[in-house]
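Listed here are the chains, written in short residue letters.
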Amino acid sequence: MTALVRLQGIRRDFRVGDQVVHALDGIDLTVEAGEYLAVTGPSGSGKSTLLNVIGLLDRPTAGRYELRGEDVTLLSDEQQAAVRNRTIGFVFQFFHLVPRLTAQENVELPMLLAGIAPEERAERAASVLDRLGLADRRHHRPDQLSGGQRQRVAIARATVMQPALILADEPTGNLDTHSGAEVIGILEQLNDEGITLIVVTHDTGIAGRARRRVHIVDGAIQSDQARDPAHGETG
Amino acid sequence: MARPGDVAAFALGALRGYRLRTLLMLVAMGIGVAAVVVLTALGEGARRYVADSFASLGTHLLIVLPGRAETRGGVPTTLMGETPRDLTLDDARALLRSRHIRRIAPISVGGSVVSWRARQRDSLVLGTSADFLAIRRWSMRRGRFLPRGELDAAEPVCVIGETVRRELFGVTPALGRWLRIGEYRFRVIGILSPTGRSIGVDTGELVIIPVASAQAIFNNPSLFRIIVEARSREDIPRAKADIIRIIRERHQGEEDVTVVTQDAVLATFDRIFRALTLAVGGIAAISLGVAGILIMNVMLVAVTQRRPEIGLLKALGAAPRTILLLFLTEAALLSSAGAGLGLVVGQAGSWAVRLGFPVLPAHAPWWASLAGVLVAVGTGTLFSLLPARRAARLDPVAALARR
Ligand SMILES: Nc1ncnc2c1ncn2[C@@H]1O[C@H](COP(=O)(O)OP(=O)(O)OP(=O)(O)O)[C@@H](O)[C@H]1O
Ligand SMILES: [Mg+2]
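In order, the protein sequence lines correspond to chains A and B. When we follow the numbering used here, the leftmost residue of the first sequence carries the number 1, and every step to the right adds one. When we follow the numbering used here, the leftmost residue of the second sequence carries the number 1, and every step to the right adds one.
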C-alpha cells in the first residue's frame, strides 16, 4: 500500500538578503494513512515550514513529495489548490476565521470553493458543527465566540470536506489548558475515525499523546519515535 | 470551482463588511457617472433648444442672401474684396416663376425710433410682404397683417409687436392710430401674437411695414434677404437650383447670391452641439478615470488588509483564478452599484435643470448614459485587475503569518 505522505530529501531555503536560511535541510519522512504524528522542536527549527510544504502551501526548494503516490510538486498552482481543497484540512494557531462570516458560513467556505450546492453545504456544515457541540452557535460570528469555540469552528471547517489529512500548527497555542485539551480530544477522535493527523506542538504533554513523535532541529529530523505502547490508548 | 452565485454573494458580503471603503468608492463612481449624465443632458438640451427654435421658423425654407459666400457648414461669410450686386424687389418677384417655390417674402430691416405722441422707443423695423406671416407661421393677436398687393406699393400701414404696443400705447387701443417711424407716419392695422421663442427675433419688439416703405425709410434699394418657401421638402434642392438660375440670369450671368437651406443651418448647429456634448461628456468621463484610479488604490489597500483572509481562502483550496474572480467581482459589483447610483443622481440632476430652466429640454442622450455606465464598470473592473492579481499571487504562508 502506498504511503499517504512520502518526503524524500526535502529542502527549503529562504534567501534573506545575501544570506540563505536552510529552514528544511534534507527531510525524509513517510506518513501512513491513519497515523497520528506530533512534530516537535525548538523555535525556528522548521516545524511550520515542514507543515506548509506537506500542506502544499509552500513549494520545497529541492526534493520529492509524493501524496498518495503522486508527485505533487509537479502540479500547477490550480491543481495544488484542488488537492488542498479535497485532501487536506488545516487548523491554525490563530484560528483564521473570516470575521464577517458566521460560524456556519466559515465552515461552508471550503464547500463553497468546491462548488457544492448551498442546500448541501448548509446541511453538512450544520451536522459537523452539531457534532462538535456548536449547534447553538451556528449563526454567531467569531467575535461572539470563545477561543475554544473558535478553534472548534476551525476544526469543523477543516473536516467538513472529509479530508485524508489534517495539519494542525500549534492548535492549542492560543487556548487555555481546558480548551486546549478539548480541542486535542476532538482531533484525536477524528484520528480514531481514520483521518491522518499531524500536529506541530511545543506542548510536551500533547506531544506525548501522539503515537509517533518527530523531533526536528535546524531543519533536520533528529529523532522519529513511536510512542511507548505502555502508555496505552486514549479517547 | 465556486459557483457564480456564491462568488457574487461572497463579494457582496465583503463589500458589506467594509462599509466606509464601499461607500467611498460608490460616491466616487456615482459622481463620475452623474457628471456624465448631467453634462451631456445640458449639451443635448442646448442642441434641442436650437433645433426646436429652427423648427418654429417654419418648414422647408430657403434664405437668399446677397453676395457669394462659402457655404460649407451653411453659415455664410461674404468673400473678401467682392461687392455684391444688390438683391432687389424685382429679383424677389422673379423667383415666383419657379414652380418649386410656393411663396416668398423680401426682407429689408433697420433700426429706427418709433413714436406715438410723446412716447417713443428704438425698435427693429422690418419691411416685408403679406406672405411673411404665413412663411414664419406667426399669427395675429388683433387686426390684420400687411395687405396683399404690389410689392413696391409703399402703403403707410404697420403691424406692431406686443411689447411695442404696450410701451407706446399702454391701455389706449392701438389699432387705427398713426405711428411715427423716422420721418414717416404709419397707421397701425394689426398686433402680432407673442409667439414662443424664435431664432434671433423677439416678435414683441418688432414693427413690420411694407417692404417698399422700409426701403424708402432706410433709403436702401437692396434687400437684406429673401425668404423663400418651397412647395415641399422634396422641392428644396430644385427650388435652390431655380433661385440660383433665375438670379444669375438677372445679374448678367453672375452668381452673386448665397442660398442657405434651413436644413443646412440646422445640420450645422446639430453638428456643433453634438460635438460639444461629446466633448463635455468626454471631460466628465475623465472623472470616471480618476474614480478608477481611486478604486485601484482602495482595492490595493483592501488586498493588504485582507491578506489573512486571502491566505485562508488559498489554504482552503481557492485557486489563484478564484481569488482573482472574487476581487474582480467585488470591483464590478461596486462600480455597477456606483454607476446605478450616478445614473439616478444624474437623472435627478437633469430633472432639476429642466425645472430650473424650462426652456432647456435637458435629457441625457441614452448613448451618453450607456457610455457613462460602461466606462464606469469598465474602469472600475480594469483598475481592479492589478490589485486582484496581486491578491491572486499572494503567498499563502506569508499571508497567514502573524507578523
Ligand atoms: N518567509 C521566510 N523568509 C525567511 N526566513 C524564513 C521564512 N519563513 C521561515 N523562515 C526561517 O526558517 C526557519 C524555520 O522557520 P519555521 O517558521 O518553520 O520555524 P518553527 O519551527 O515553526 O518555529 P516556531 O516554533 O517559532 O513556530 C526559521 O529560521 C525562520 O526564520
Ligand atoms: Mg511555527
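Since the hints were made in silico from the structure, they are not lab data. Since the model is a prediction, treat every value here as computed from it, not as a measurement. For glycine and all other residues, C-beta sits at the position ideal for the given N, C-alpha and C. It cannot be assumed that every hint is accurate.
Here are the in silico distance ranges between beta carbons for each label pair [what the hints assert, rightly or not]:
# : chain 1 : residue 1 : chain 2 : residue 2 : range
1 : B       : G5        : A       : H178      : 37 to 43 Å
2 : B       : G17       : A       : L75       : 29 to 35 Å
3 : A       : R15       : B       : A9        : 36 to 42 Å
4 : A       : D218      : B       : A9        : 44 to 50 Å
5 : B       : G5        : A       : A181      : 48 to 54 Å
6 : A       : R131      : B       : L370      : 51 to 57 Å
Status of the hints after comparison with the structure:
1. B:G5 / A:H178: 37 to 43 Å: Holds, at about 41 Å.
2. B:G17 / A:L75: 29 to 35 Å: The hint (29 to 35 Å, Cβ to Cβ) holds, given that B:G17 and A:L75 are roughly 32 Å apart.
3. A:R15 / B:A9: 36 to 42 Å: Holds, since A:R15 and B:A9 (Cβ atoms, about 41 Å apart) stay within the stated range.
4. A:D218 / B:A9: 44 to 50 Å: Once the Cβ atoms are compared, 47 Å apart, the range 44 to 50 Å for B:A9 and A:D218 holds.
5. B:G5 / A:A181: 48 to 54 Å: violated, 41 Å
6. A:R131 / B:L370: 51 to 57 Å: holds, 53 Å
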